[in-house]
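Student: Sequence:
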Amino acid sequence: MSPHLSVSLRASLSASSGAPCACALQSVSARSGIRAQTVPSLTRTCRRADASVSSGLKSRSRRAGVSCSANQSDASLPAQASAEGAAFKTLQSSFSSLDPDFFSALPRNLQVDLKDAVFDLTNGNVAAECGPAVSASLSALAAALTAADGSPAAAAAAAVARLADAAAKLPPAGRERAVLGRRLRAAGRRFTGMGGYAQGKAAQLGRAMAAAAQAVSVGCADDGASNFDPVRRLQLGPLTVDVTPSKALTGAGVAAAFAVVSWQLAAGLQAVSEDSLAYANDNALTLALSLRGALLALGYGSCMISAFAVVGLLALARELSSQQGGEGGK
Numbered sequence: 001m002s003p004h005l006s007v008s009l010r011a012s013l014s015a016s017s018g019a020p021c022a023c024a025l026q027s028v029s030a031r032s033g034i035r036a037q038t039v040p041s042l043t044r045t046c047r048r049a050d051a052s053v054s055s056g057l058k059s060r061s062r063r064a065g066v067s068c069s070a071n072q073s074d075a076s077l078p079a080q081a082s083a084e085g086a087a088f089k090t091l092q093s094s095f096s097s098l099d100p101d102f103f104s105a106l107p108r109n110l111q112v113d114l115k116d117a118v119f120d121l122t123n124g125n126v127a128a129e130c131g132p133a134v135s136a137s138l139s140a141l142a143a144a145l146t147a148a149d150g151s152p153a154a155a156a157a158a159a160v161a162r163l164a165d166a167a168a169k170l171p172p173a174g175r176e177r178a179v180l181g182r183r184l185r186a187a188g189r190r191f192t193g194m195g196g197y198a199q200g201k202a203a204q205l206g207r208a209m210a211a212a213a214q215a216v217s218v219g220c221a222d223d224g225a226s227n228f229d230p231v232r233r234l235q236l237g238p239l240t241v242d243v244t245p246s247k248a249l250t251g252a253g254v255a256a257a258f259a260v261v262s263w264q265l266a267a268g269l270q271a272v273s274e275d276s277l278a279y280a281n282d283n284a285l286t287l288a289l290s291l292r293g294a295l296l297a298l299g300y301g302s303c304m305i306s307a308f309a310v311v312g313l314l315a316l317a318r319e320l321s322s323q324q325g326g327e328g329g330k
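The sequence shown begins at 1 in the working numbering and counts up one residue at a time.
Everything labelled a hint here was simulated from the structure, so no lab data went into it. Remember, it's a predicted structure, so these values are computed and weren't measured experimentally. Among the clues, some could well be false.
Said to hold, decoys possible - Simulated pairs of lysine-lysine, DSS-like, Cα-Cα distance not exceeding 25 Å:
id: 1; residue 1: 115; residue 2: 247
id: 2; residue 1: 115; residue 2: 201
id: 3; residue 1: 89; residue 2: 169
id: 4; residue 1: 89; residue 2: 115
id: 5; residue 1: 201; residue 2: 89
Claimed, not checked - FRET-style restraints, in silico, Cβ to Cβ:
id: 6; residue 1: 128; residue 2: 219; range: 18 to 24 Å
id: 7; residue 1: 281; residue 2: 318; range: 54 to 60 Å
id: 8; residue 1: 264; residue 2: 291; range: 17 to 23 Å
id: 9; residue 1: 272; residue 2: 146; range: 51 to 57 Å
id: 10; residue 1: 292; residue 2: 104; range: 41 to 47 Å
id: 11; residue 1: 168; residue 2: 304; range: 54 to 60 Å
id: 12; residue 1: 219; residue 2: 107; range: 37 to 43 Å
id: 13; residue 1: 104; residue 2: 315; range: 42 to 48 Å
id: 14; residue 1: 109; residue 2: 78; range: 40 to 46 Å
id: 15; residue 1: 298; residue 2: 273; range: 40 to 46 Å
id: 16; residue 1: 267; residue 2: 321; range: 30 to 36 Å
id: 17; residue 1: 85; residue 2: 146; range: 25 to 31 Å
id: 18; residue 1: 128; residue 2: 305; range: 42 to 48 Å
id: 19; residue 1: 78; residue 2: 112; range: 28 to 34 Å
Glycine included, each C-beta is placed from N, C-alpha and C at the ideal position.
From just these sequences and the hints, can you work out the full model?
Tutor: In structure tokens:
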């Protein structure tokens, strides 16, 4: 290539401001009068240069995109940690605002919900699912909720503070956070179900627990690989029975059958008139009449209790079905 051609080519490339090399070569050849045999070899060389430049630009663009995505992810971590810390702080304040004997003074029916919440927090192998630190914190929280003396509310607030520190060390968007979020969310539903008890403090506690669950599980994909099972269980000494809608409906059917049998027995006994009773003396007659009255009261009382059991079991089956439907929708 002549010096004049090199100078012309460099000048054309500088003036083209990023135009492809082949186009610049055509412009130079038109101005400089290059032979036709020389142009094809120069064109192939320029095309290879164009391909190399384009590949380099695409590679730099991909690296810039990955770097930008990583920077955005890193920038979102402090905001997520701040929201998580605020949610746990609210939960801790909710426990601290309770009376010292709040949990021990719960009515018997709400004590069942409290035990269910404790079960939701500690069911299964928590250490393997969420790590030893989270497992120890949840165990401390469960022990505080079921403590019969001392200051359970203050102990629960301290356990929540430990739980916040342990959750902050979990990997972002990891499986451990997803499992912890499900546990807190399930326990929060138990407290929310207590309704307006104690001016709604129990429901407020449940909402704070649900908010903490939402904050700790942001960005987590629930893969369903956890062994956590929020099913209610009835503890009868060494016997544990799962409370499911089908079992509640079965119990309602048994209670209805028992109510019918009790009603028929009581009605049959009542159909026997007192005049048909013949005994040797008045004392025996008085004893028979007393026994008859007691059996009638027992029969009709059993019928009424069975009827109430039917209504309660049907309501329980409906509640469990709605909860399962809500969890399935999520």
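Student: Confirm or reject each hint.
Tutor: For each hint, the structure was consulted:
no., hint, result
1, 115 to 247, "holds (20 Å)"
2, 115 to 201, "holds (17 Å)"
3, 89 to 169, "holds (16 Å)"
4, 89 to 115, "holds (24 Å)"
5, 201 to 89, "holds (16 Å)"
6, 128 to 219: 18 to 24 Å, "holds (22 Å)"
7, 281 to 318: 54 to 60 Å, "holds (56 Å)"
8, 264 to 291: 17 to 23 Å, "holds (19 Å)"
9, 272 to 146: 51 to 57 Å, "holds (53 Å)"
10, 292 to 104: 41 to 47 Å, "holds (46 Å)"
11, 168 to 304: 54 to 60 Å, "holds (55 Å)"
12, 219 to 107: 37 to 43 Å, "holds (39 Å)"
13, 104 to 315: 42 to 48 Å, "violated (27 Å)"
14, 109 to 78: 40 to 46 Å, "holds (44 Å)"
15, 298 to 273: 40 to 46 Å, "violated (20 Å)"
16, 267 to 321: 30 to 36 Å, "holds (35 Å)"
17, 85 to 146: 25 to 31 Å, "holds (27 Å)"
18, 128 to 305: 42 to 48 Å, "holds (45 Å)"
19, 78 to 112: 28 to 34 Å, "violated (41 Å)"
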